[in-house]
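Below are the chains, spelled out letter by letter.
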Amino acid sequence: MSIEVKDLQFRYGAIVALDGVSMRLGPGAVGLLGPNGAGKSTLLRVLLGFLVPEKGEGRVLGHDIRRDQARIRRVVGYMPESDCFVAGMDAVTFTSYFGELSGMPRQEAMKRAHEVLFYVGLGESRYRLLDQYSAGMKQRLKLAQALVHDPKILFLDEPTSNLDPHGRIEVLELIKDVASNKDIQVLISSHILADIESICSSVVILNKGKVAAEGRMEDLRAIRYSLYELRIKGEEAPFLADLEAMGCRVDGTEDRLLKVYMPAERDRMDIFRAASRTGVQLRYFVKSRTSLEDLFAGVVGVD
Amino acid sequence: MATVRAKGYAHWEGAPVERRFPWWPITRTGIMLAFRRKRFKFAFAMSFVPAFVFLVGLYVSERIDDFRHMIRGGNQLLNITPNYFKAYMTNDFLLLPIVFVLAFAGAGLIADDLKHNSLQLYFARPLRKADYVLGKMSVVAFFVLILTALPGIVLLIFKLVFAGSFKFLLDYPWLPLSILGVSALLTVFFSFGILLLSSLSDKSRYVTILVFMSYFFSDILFGILYGIFRKPALALFSIRANIQQAGAFLFGQKLPHAFAAGWSFLVLAGICLLAAAVLHRKVRSVEVIR
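If you're matching them up, the sequences are chains A and B in order.
Taking numbering that gives the first Met the number 0, the leading residue of the first sequence gets 0, the next gets one more, and so forth.
Taking numbering that gives the first Met the number 0, the leading residue of the second sequence gets 0, the next gets one more, and so forth.
Just chain A, with the same shape it has in the complex:
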């Protein structure tokens, strides 16, 4: 396991940010998903050693998060959520500077800075002052500084925030390339479900500082519940009450489509039986592929 944490607890004063978080993450791209304030960024900061947990333990590539922070930071590339740069520098100086601070020899850091800046698409503007960079360029630059020392794990905190749709797609492509084609593990914190869905093979859903769900994307989709979409004719309330009594969660859409999240142990025939019992006609019935959005809504309890 590349990242392993057990019973992590951290609080900001009275606010509990992490409440007994335990997880084991293997290789590949892992999404850290959750609504704002779920504890995603705090978890990344604890893993990097920025924040010391009150309780619990953790390891990143076998290094203890309390004792071996320097070793962890040598093998981790971190892309923070907020804009950050050093005023008065150009991109090459900036990227090589942080390469050097990661332990690279000066000349190697400079050479490598050129390479990663071309890689993230800033090759042509690498000598421009960072003060003149657009939001999208700053986002790429943050990725470049995270990659410059060739980390074994990348921590990306909201990598697509503040980007226009085009910039978002480009940054996601880059992350996908790094995550899928190279032996670099990527841990992405995001509240944008589509981003996680398009990149990650596994996901950890955090809610109110706790792990709400964790696992491979396919497994989570499959084992939790089945999703059916249906339209009915007749009295809706008794039918819905019957479904809910069976442990199903039902969401209605604007075009009168009902989305039924059925527990895995239930059979689809139960829906027909419920319809029969409550005297409604099923006019449309289809088994739908659950998306991460559905899973997210299911475990976090929000629409």
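Since the hints were made in silico from the structure, they are not lab data.
Worth double-checking, as some hints may not be accurate.
Incomplete in silico selection of chain B near chain A, CB under 7 Å [claimed, not checked]:
id, residue
1, Tyr8
2, His10
3, Pro15
4, Val16
5, Ser60
6, Asp111
7, Leu113
8, Asn116
9, Ser117
10, Arg124
11, Pro125
12, Leu265
13, His279
14, Lys281
15, Val282
Where a beta carbon is used, it is the ideal one built from N, C-alpha and C, also for glycine.
On the provided structure of chain A, position chain B as indicated by the hints.
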């Protein structure tokens, strides 16, 4: 030819090195960035004028007969003793340029990192808080040493060269140590002081104003209080007076104020301790509001 992007991501073949001084890249970059500012370059160049004037003074003192018609009773002035070196190192003609240089070179050292959230980038590297602070402090130390220790020692060497003998050094063998001692005092004090002020705001312009204000205001305060109470100990309120008092002590000269130099050392050390405490609180990878 394909671009690197087209070729895709490539791994770095090298291995990271364990640096003896992990803070050195911070220092080197800080010095380099200072020289990119026009105002700084001007202030830095002008700050060597006092050293040049004192060098001319040394030359004239050794050729006093050639210049007698120009000096008219300035023999006392050009009688070179350790007091001459003390005058160079602790008077306003050097302290003021140092303040100007540091206001332009040092104000943004931490303030800019606070403004642009870059502390988290530093601490995502294998750097300790002490490495970061030491790296920034060394930028200030570099400029203070280059304006104090370097000209001080060079002036001493030129004194010996112009005199053509080592007699002056044999008469005052402790003088090089005094020069280095005062340089060290100024370096430590300004390093802590400038970083303290730089960590108080995320706007380097405000910090520049703070640097000037704390130097001048402390002196004005001393002037006002002395005018009212007539007590020499009130000089402890003035940064400049404390430096001059401690400097005179290190050069073994008459103290400018009528109280023990130890008090001035205590005040300067107190400011350094305060700075260390504030830096410990302000320099952190993430701002935790509890």
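Against the structure, the hints come out as follows:
| no. | hint | verdict |
| --- | --- | --- |
| 1 | Tyr8 | holds (5 Å) |
| 2 | His10 | holds (5 Å) |
| 3 | Pro15 | holds (3 Å) |
| 4 | Val16 | holds (6 Å) |
| 5 | Ser60 | violated (44 Å) |
| 6 | Asp111 | holds (5 Å) |
| 7 | Leu113 | violated (11 Å) |
| 8 | Asn116 | holds (4 Å) |
| 9 | Ser117 | holds (5 Å) |
| 10 | Arg124 | holds (4 Å) |
| 11 | Pro125 | holds (4 Å) |
| 12 | Leu265 | violated (35 Å) |
| 13 | His279 | violated (15 Å) |
| 14 | Lys281 | violated (15 Å) |
| 15 | Val282 | violated (12 Å) |
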